[in-house]
Amino acid sequence: MGFDQYHEPPGELPSETRTFARLCASLTEEAEAIGWYEQRIAVETDPEAVSVMRDALGEEFKHFSMDLEFLLRRTPAWREVAQGILFQSGDIVEHGEEAESEAFEGGTGPGGAFADGSLGIGSLRGVSR
Amino acid sequence: MNHLLRGHAPISDIGWQTLDGEARERAGAALGARKLIDFSGPHGWTYSATNLGRSGPLSSAPGDGVSGRQRRVLPLVELRADFELSREELRDADRGADDVDLEALDTAAHQIARAENVAVFHGWDEAIVGISESSPYEQLSLGDAADKYPRQVAGAVEQLLCSGISGPYGLALGREQYRRVVETAEHGGYPLFDHLRKILEGPIVWAPGVRGAVVLSQRGGDFVFESGQDLSIGYQSHDADVVRLYLEESFSFHVATPEAAVALTP
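Residue numbers (my numbering), protein chains in the order written: chain E, 15 to 143; chain P, 189 to 454.
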């Protein structure tokens with residue numbers, strides 16, 4: 015049985031990191047499924063089959079979004095970047111550059127280590143001692 | 189610029205990087221509670237209350253034929269530790285000095301981390317009910333003899349199991365108790381720290397401010413820390429010689445399952 019989501023020996027990883035890796039793997043699988051369903055629907059000619067697959071596609075949207083929200087909640091820096099990009103109108107790349115700058119380069123100025131000016135400590139579960 | 193007013197401080201980008209990094213390191217080491225409880229947020233400085241899902245009756249109503257209830261919420265508290273730094277020292281940091289005197293920041297970071305631990309584990313009058321004071325079990329004494337700790341900790345774990353509280357379990361130790369654990373080897377030279385880890389199947393954490401020790405379940409969902417503004421450095425004022433800053437955070441804490449922890453007094 016393989017444990018492909020781990021790139022380091024699982025026994026050396028904190029349980030929080032193992033959970034994080036599982037959800038990252040799940041997120042990848044949901045994104046793949048969305049891509050596959052889009053392709054299948056694009057070539058399918060039977061309307062009933064298309065209807066069934068559209069319903070399944072909606073499930074994948076939900077699963078992907080739940081995985082993503084879980085990961086963002088556990089990763090303040092990722093959340094900071096995502097907040098600057100997701101659900102924004104305008105230039106995606108421009109928003110990405112700005113969000114990255116605010117989240118990771120703010121520590122070099124009065125803006126602080128994170129966009130809210132905090133130290134970005136957050137949860138320390140999984141940090142020993 | 190947000191409420192921290194960092195943009196008004198006479199501090200360079202390098203200076204802020206130095207201060208943020210120092211505060212993160214010093215506070216992070218002492219924030220023992222956060223290593224053992226659930227953390228939600230940060231939800232921002234404007235976030236003021238945690239939803240408890242509960243309501244209470246109101247004796248009056250604004251009209252005939254209707255009744256009303258009022259929601260109960262848990263207001264967030266604010267913790268703040270003021271400190272001041274020499275501007276000359278900060279100028280030396282800009283020059284590349286690697287031994288800048290940040291003792292006042294270090295002290296403030298430790299104080300606010302310790303206060304957070306105390307609020308979570310022992311409560312804060314009129315604001316927070318802590319883990320140990322909400323625990324329904326009789327508080328046993330840990331004692332001074334470190335070689336007796338495994339017996340007391342195992343007893344606490346067994347107490348939790350009897351109440352149907354599953355593990356793994358974590359152990360928060362006050363400063364003196366932690367020192368005893370790491371310096372003690374049992375018969376045959378087996379480190380006490382490793383023995384306790386085997387009993388708990390979970391983390392052992394240095395938690396300044398904890399009086400004695402607390403054994404608590406790590407299954408999740410029992411102890412909830414909700415962060416408004418996470419620990420941040422803000423600007424107060426300055427003159428020619430010093431800059432006055434502060435460390436601040438807002439949070440609420442509540443115990444969802446009082447039976448999920450056992451307090452061991454010193």
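Treat each hint with caution, since some may be false.
Computed, partial: chain E to chain P, Cβ under 8 Å [to be verified]:
#  : residue
1  : Gln19
2  : Gln53
3  : Val66
4  : Met67
5  : Ala70
6  : Gly72
7  : Met80
8  : Asp130
9  : Gly131
10 : Arg139
Residues of chain P clear of chain E, computed beta-carbon distances all greater than 10 Å [unchecked claim]:
#  : residue
11 : Asp208
12 : Gly216
13 : Asp226
14 : Gly232
15 : Ala237
16 : Gly244
17 : Ser248
18 : Ala315
19 : Leu328
20 : Gln417
Don't read these hints as lab results, they were simulated from the structure.
On a predicted model such as this, the values are computed, not experimentally measured, just so you know.
From the three backbone atoms N, C-alpha and C, an ideal C-beta is built for every residue, glycine too.
These are the hints, each one checked on the structure:
1. Given the 8 Å rule on beta carbons, the hint for Gln19 of chain E is violated: about 21 Å separates it from the nearest Cβ of chain P.
2. Look at Gln53 of chain E: its Cβ only gets to about 39 Å from chain P, farther than 8 Å, so that hint breaks.
3. A distance limit of 8 Å between C-beta atoms decides the matter here; for Val66 of chain E the minimum to chain P is near 37 Å, and the interface restraint is violated.
4. Given the 8 Å rule on beta carbons, the hint for Met67 of chain E is violated: about 36 Å separates it from the nearest Cβ of chain P.
5. Proximity of Ala70 of chain E to chain P is violated relative to the hint, the smallest CB-CB distance being about 31 Å (cut-off 8 Å).
6. Among the interface hints, the one on Gly72 of chain E is violated; its C-beta lies about 28 Å from the nearest C-beta in chain P, farther than the 8 Å criterion.
7. Restraint check, Met80 of chain E versus chain P: the minimum CB separation of about 17 Å is more than 8 Å; hint violated.
8. This hint holds: Asp130 of chain E has a C-beta 6 Å from the nearest C-beta of chain P, less than the 8 Å allowed.
9. A distance limit of 8 Å between C-beta atoms decides the matter here; for Gly131 of chain E the minimum to chain P is near 5 Å, and the interface restraint holds.
10. Contact between Arg139 of chain E and chain P, as hinted, is supported at the beta carbon level, the nearest pair being about 6 Å apart and thus within 8 Å.
11. Not every CB of chain E is more than 10 Å from the CB of Asp208 of chain P (nearest about 5 Å), against its label as outside the interface.
12. Under the 10 Å C-beta cut-off, the non-interface status given to Gly216 of chain P relative to chain E is violated; the minimum distance is some 6 Å.
13. With a closest Cβ-Cβ approach of about 8 Å to chain E, Asp226 of chain P is found to fall inside the 10 Å limit, against its non-interface label.
14. The Cβ of Gly232 of chain P sits about 6 Å from the closest Cβ of chain E, inside the 10 Å cut-off, so the non-interface label is violated.
15. Even its closest Cβ contact with chain E, about 18 Å, leaves Ala237 of chain P beyond 10 Å, as expected for a residue assigned away from the interface.
16. Non-interface call for Gly244 of chain P relative to chain E: holds, since the shortest CB-CB distance, roughly 30 Å, exceeds 10 Å.
17. Annotated as non-interface, Ser248 of chain P keeps its C-beta farther than 10 Å from every C-beta of chain E; the closest such distance is 41 Å.
18. Every Cβ of chain E is farther than 10 Å from the Cβ of Ala315 of chain P; the closest lies at roughly 21 Å, confirming the non-interface assignment.
19. The claim that Leu328 of chain P lies off the interface holds: its Cβ sits roughly 24 Å from the closest Cβ of chain E, which is beyond the 10 Å cut-off.
20. With a closest Cβ-Cβ approach of about 6 Å to chain E, Gln417 of chain P is found to fall inside the 10 Å limit, against its non-interface label.
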